[in-house]
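Protein chains: 2
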Amino acid sequence: MKLGSLKSGRDGRLVVVSNDLAWCADASHIAPTLQAALDDWERLAPQLELLATDLAHETIPRERFHEREAAAPLPRAYQWADGSAYVNHVELVRKARGAVLPDSFWTDPLMYQGGSDEFLGARDAIPLADEAWGCDLEAEIVVVTGDVPRGASREEALGHIRLIGLVNDVSLRGLIPAELAKGFGFVQSKPASALSPVFVTPDELGERWKDGKLHGTLMVDLNGEPFGRAEAGEDMTFDFGTLIAHLGKTRNLGAGSIIGSGTVSNRDADGGPGRPVARGGRGYSCLAEMRMVETILDGAAATPFLKHGDTVRIWMEDKQGRAIFGTIEQTVVAS
Amino acid sequence: MKLGSLKSGRDGRLVVVSNDLAWCADASHIAPTLQAALDDWERLAPQLELLATDLAHETIPRERFHEREAAAPLPRAYQWADGSAYVNHVELVRKARGAVLPDSFWTDPLMYQGGSDEFLGARDAIPLADEAWGCDLEAEIVVVTGDVPRGASREEALGHIRLIGLVNDVSLRGLIPAELAKGFGFVQSKPASALSPVFVTPDELGERWKDGKLHGTLMVDLNGEPFGRAEAGEDMTFDFGTLIAHLGKTRNLGAGSIIGSGTVSNRDADGGPGRPVARGGRGYSCLAEMRMVETILDGAAATPFLKHGDTVRIWMEDKQGRAIFGTIEQTVVAS
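Going down the list, the protein sequences come from chains X and Z. Each residue of the first sequence is one higher than the last, beginning at 14 in this note's numbering. Each residue of the second sequence is one higher than the last, beginning at 14 in this note's numbering.
This is chain X alone, in the form it adopts within the complex (with noise of 0.2 Å):
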């Protein structure tokens, strides 16, 4: 099953949204809001699959989906908590800005909190203020839980996921080190984030979900170009089971918490950073990482952090090359 918010009001419109993404149909009848949903899954998700099947069968009113219509999944949630799960983005970032990984960053997943009172729809500007902070793109992962009680293991968190979407975590790479330095995690460096047009459940992803991980080619492109062509399933030290046990070992989570994979990284065949696509490598998922391995390569970065008016793209196809959760396409804009 697909899910998707039309966009109206605070919260969107709860739709099912077909396989190939093309139709629509109402579920507020069933519940108003996608966190409605979420809130009373046990009993609300058998009538939403029953609906996503009238629809794939033709038998009840459609419409057609436009992403551009769509709002995130949840326009706002009460939790956004994002990992770094892919220790290779970490580790080349930190070498970007000169700080070392620690050993333990292999075994005990780094995570922050992130604020969740606004998500951008897939078609949203990137409002940008200032070139100069330094405005970065982030492809991502990520899930939806249901409630997740405290101190739950791997295994149970694994059976507390609902939904699987994309994210780009926009990050403002010029603000990150003096607000680090400080001590408590991202405030100003990290603003509103866009989701993917659908959410899907576990089961519809089949193959692609497996062992708390999704598996899948994570498209980016920068301004039209292949940018970033990394295997998700690939390289992900820590899968969401162990991000979420990790998140919850002190608190409860509540239904409609997004939990992010973190920056989707490969290393190449012989540990190294890879290669961009240009040059024949799966490239990047964020630019950060591009202008490090630059540096490494070239011995300065070349490619700029966003400008008002570029566009970035992310998404990731079935095996008939449609797009699985819609795709984010953004561009960023002087506001």
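Since the hints were made in silico from the structure, they are not lab data. Hints are supplied without guarantee of correctness; some may be wrong.
Chain copies aren't distinguished; within one or between two, either way the pair holds.
What the hints assert, rightly or not - In silico lysine to any residue, SDA-like type, Cα no more than 20 Å apart, as pairs: (1) K262 - K320; (2) K223 - S166; (3) K20 - D160; (4) K108 - T250; (5) K108 - A315; (6) K262 - A191; (7) K195 - V113; (8) K108 - P289; (9) K320 - S348.
Using the hints, position chain Z against chain X.
Relative to chain X, chain Z alone:
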């Protein structure tokens, strides 16, 4: 006007509470939940004010307001961001763990993004799985905002403050050093916090709400003994307008965002860290400060962190000695 949420479902049931907290009137015909009221505040606040007037005049059905039946006014919220506005506290706690305070901390607000998916009611127990985690209370002031547009100034931000209340921002001191050393802020070391039984509009607070600060003595008792009597209006380096503007520099803040002051803390007249209440001082609003001062005065910390069975009370009194926001009264329990 004073607003509370009686325990009911995930978000409670909105009630208007009498000034003396003895009575309440159901407000669910105006807005089912406090979040719903905040989502449409311009339209609904006047209706809630009328209800409050009717309650004061005893012209409508009313019921007894029991603080034990109160959920947190916002049992879950879309944002919880906590400042460290009493820089004196930051200096002491840093000293306690051997870290220095950068000069910039006196001019650049320190904040962290906290988990907002679960706030405890004022009488809810503090669940603590392991006493070795070093459980601490932190008595603070909070404000709740309406929608704050990105880049709002301090003065604009002040105009978006809808409600004021208290929080016990529970911290697990034993988990903090390792977590902060990872560089991304708090995750496991900040379990669910408890909010005061009611939140209060700025106008209702009269002279106590001034210059973006709450003025009054923040009362903290530990196991029935006076522990803290700090003046919330003193030594607050950053007022709430400044904190909100800091948080909102790069993104919009959604209605219902809860912003904390950080642990309330006063300096002595001589600039020192003051004295415990038992020694004639104003005491402290968290155990970590008390332990640091004991270390300074006596060479070693004598006050332990919270153990199972310990009780914490946090409140602020009006001139008649009544609790303005009700009383947070929590017992630590094994779980």
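Okay, the hints, checked on the actual structure:
For the homomeric pair K262 and K320, the shortest alpha-carbon distance between copies (19 Å) is at most 20 Å, but the shortest distance inside one copy (40 Å) is not. Proximity of K223 to S166 under the C-alpha cut-off of 20 Å is restricted to the intra-copy arrangement: shortest distance 17 Å within a copy versus 47 Å between copies. Taking the shortest alpha-carbon separations for K20 and D160, only the inter-copy value of 18 Å comes in at or below 20 Å, while the best intra-copy value is 26 Å. Taking the shortest alpha-carbon separations for K108 and T250, only the intra-copy value of 18 Å comes in at or below 20 Å, while the best inter-copy value is 35 Å.
Taking the shortest alpha-carbon separations for K108 and A315, only the intra-copy value of 17 Å comes in at or below 20 Å, while the best inter-copy value is 43 Å. For a Cα distance limit of 20 Å, the shortest separation of K262 from A191 across copies, 15 Å, qualifies, whereas the shortest one inside one copy, 29 Å, does not. Both within a single protomer and between protomers do K195 and V113 lie at most 20 Å apart by alpha-carbon distance, with minima of 17 Å and 11 Å respectively. Proximity of K108 to P289 under the C-alpha cut-off of 20 Å is restricted to the intra-copy arrangement: shortest distance 17 Å within a copy versus 46 Å between copies.
Within a single copy, K320 and S348 get their C-alpha atoms as close as 12 Å, which meets the 20 Å cut-off; across copies the closest is 51 Å, which misses it.
Consistency note: the structure conflicts with none of the earlier hints.
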